Amino acid sequence: LVEFGNKPMIVHQIEALVAAGVKDIILAVNYRPEIMEKFLQEYEEKYDINIEFSVESEPLDTAGPLKLAEKILLKDDSPFFVLNSDVICDYPFQDLLQFHNNHGDEGTIVVTKVEEPSKYGVVVHKPNHPSRIDRFVEKPVQYVGNRINAGMYIFNTSILKRIELRPTSIEKETFP
2 LVEFGNKPMI VHQIEALVAA GVKDIILAVN YRPEIMEKFL QEYEEKYDIN IEFSVESEPL
62 DTAGPLKLAE KILLKDDSPF FVLNSDVICD YPFQDLLQFH NNHGDEGTIV VTKVEEPSKY
122 GVVVHKPNHP SRIDRFVEKP VQYVGNRINA GMYIFNTSIL KRIELRPTSI EKETFP
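Using my numbering, the letters of the sequence shown map in sequence onto residues 2 to 177.
Please keep in mind that the hints were generated in silico from the structure rather than gathered at the bench. Just so we're clear, the structure is a prediction, and the values are computed from it rather than from any experiment. Careful, some of the hints might be misleading.
The calculated lysine-lysine pairs, modelled on BS3-like cross-linking and capped at a C-alpha distance of 25 Å, are [claimed, not checked]:
(1) Lys140 <-> Lys114
(2) Lys76 <-> Lys162
(3) Lys140 <-> Lys120
(4) Lys140 <-> Lys127
(5) Lys8 <-> Lys68
(6) Lys39 <-> Lys72
(7) Lys8 <-> Lys47
(8) Lys114 <-> Lys39
(9) Lys24 <-> Lys68
(10) Lys68 <-> Lys173
(11) Lys24 <-> Lys47
(12) Lys76 <-> Lys47
(13) Lys140 <-> Lys173
(14) Lys39 <-> Lys24
(15) Lys114 <-> Lys127
(16) Lys162 <-> Lys68
(17) Lys162 <-> Lys173
(18) Lys120 <-> Lys162
(19) Lys140 <-> Lys72
(20) Lys8 <-> Lys72
(21) Lys127 <-> Lys76
(22) Lys140 <-> Lys162
(23) Lys72 <-> Lys120
(24) Lys173 <-> Lys120
Cβ pair distances, simulated, as ranges [what the hints assert, rightly or not]:
(25) Asn129 <-> Lys72: 37 to 47 Å
(26) Val19 <-> Thr113: 18 to 28 Å
(27) His130 <-> Glu46: 37 to 47 Å
(28) Arg133 <-> Lys39: 13 to 23 Å
Glycine residues also receive a C-beta, built at the ideal position from the N, C-alpha and C atoms.
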């Protein structure tokens with residue numbers, strides 16, 4: 002429950018999701034889930050939301066937890082947001098949902114520009130198609146671009162068919 006601005010980062014995320022109209026939240030946890038469950042009970046009541054926990058018996062990387070939570074995610078056919086636990090920003094959920102619905106593909110990833118891309122995994126776009134991912138390059142030695150994964154996504158439930166229940170990476174195995 003790491004704090005940012007005098008409140009746990011997870012609370013910033015929950016408040017932003019609630020502001021975007023999200024009523025059901027699933028948290029993938031693999032260490033001491035009972036602490037998180039106890040802490041978040043008050044926010045379920047405060048915001049009239051449902052928080053479910055998908056407990057990993059082993060770390061499943063970034064995509065594996067989606068497969069683990071598949072039954073919960075398939076309760077309806079709505080697209081769902083995915084956030085890395087360390088993301089703090091002005092969450093553009095409404096814009097992200099609109100962009101996602103307009104392009105009609107299975108998934109959308111938020112990218113951000115950085116000054117020093119060699120410190121990050123860089124998102125390389127397809128030539129002549131700036132909204133399509135060609136590949137990810139981890140900490141490139143030569144310049145391949147300056148946009149990195151911001152740790153925010155929205156997916157259609159159909160993507161769950163392509164994810165296996167094992168340690169799986171969104172960046173390497175789900176995109177492009």
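Hint-by-hint comparison with the structure:
This hinted pair checks out: Lys140 and Lys114 have alpha carbons roughly 14 Å apart, not beyond 25 Å. Our distance criterion of 25 Å between C-alpha atoms is met by Lys76 and Lys162, whose separation comes to about 15 Å. At roughly 5 Å between alpha-carbon atoms, Lys140 and Lys120 fall within 25 Å of each other, so this suggested pair holds. Pair hint Lys140 plus Lys127 holds up; C-alpha atoms about 19 Å apart against a cutoff of 25 Å.
Taken as a hint, the Lys8 and Lys68 pair is broken in the structure, with Cα atoms around 30 Å apart against an allowance of 25 Å. Distance check on the hinted pair: Lys39 and Lys72 sit about 23 Å apart at the alpha-carbon level, within 25 Å; holds. As the CA atoms of Lys8 and Lys47 are separated by approximately 15 Å, the hinted pair is consistent with the 25 Å bound. Note on Lys114 and Lys39: the hinted pairing is violated, with a Cα-Cα distance of about 37 Å set against a maximum of 25 Å.
Among the hinted pairs, Lys24 with Lys68 is consistent with the structure: their alpha-carbon atoms are about 20 Å apart, no more than 25 Å. Only pairs whose Cα atoms come within 25 Å are accepted, and Lys68 paired with Lys173 is accepted, the gap being roughly 16 Å. Under the criterion of a C-alpha separation no larger than 25 Å, the hint pairing Lys24 with Lys47 is consistent with the structure, at around 12 Å. At roughly 23 Å between alpha-carbon atoms, Lys76 and Lys47 fall within 25 Å of each other, so this suggested pair holds.
About 14 Å separates the Cα atoms of Lys140 and Lys173, which keeps this hinted pair within 25 Å; it holds. Proximity of Lys39 to Lys24 is assessed by CA-CA distance (about 19 Å); at most 25 Å being required, the pair is judged to hold. Only pairs whose Cα atoms come within 25 Å are accepted, and Lys114 paired with Lys127 is accepted, the gap being roughly 17 Å. For the given pair, Lys162 sits about 8 Å from Lys68 by alpha-carbon distance, which is consistent with the 25 Å threshold.
Of the pairs offered as hints, the one joining Lys162 and Lys173 holds, with about 16 Å between alpha carbons and a cut-off of 25 Å not exceeded. The straight-line distance between the Cα atoms of Lys120 and Lys162 is roughly 32 Å, outside the 25 Å bound, and the hint therefore fails. For the suggested pair Lys140 and Lys72, the alpha carbons sit about 35 Å apart, so the restraint of at most 25 Å is broken. Annotation: proposed proximity of Lys8 to Lys72 is violated, straight-line Cα distance about 31 Å (limit 25 Å).
At most 25 Å may separate the alpha-carbon atoms for a hinted pair to count; Lys127 and Lys76 exceed this at roughly 34 Å. Distance hint between Lys140 and Lys162 is unfulfilled; the C-alpha atoms sit about 30 Å from each other, more than 25 Å. Of the supplied pair hints, the one linking Lys72 and Lys120 is violated, its CA atoms being roughly 36 Å apart against a limit of 25 Å. Under the criterion of a C-alpha separation no larger than 25 Å, the hint pairing Lys173 with Lys120 is consistent with the structure, at around 18 Å.
The supplied range of 37 to 47 Å is met by Asn129 and Lys72, whose beta-carbon atoms lie about 40 Å from each other. For Val19 and Thr113, the hinted distance range of 18 to 28 Å is satisfied, since their beta carbons lie about 23 Å from each other. The beta-carbon spacing between His130 and Glu46, approximately 46 Å, falls within the hinted interval of 37 to 47 Å. A C-beta distance of roughly 43 Å is found between Arg133 and Lys39, which places it outside the suggested range of 13 to 23 Å.
When held up to the earlier numbered hints, the structure conflicts with 5, 8, 18, 19, 20, 21, 22, 23 and 28 and fits the remainder.
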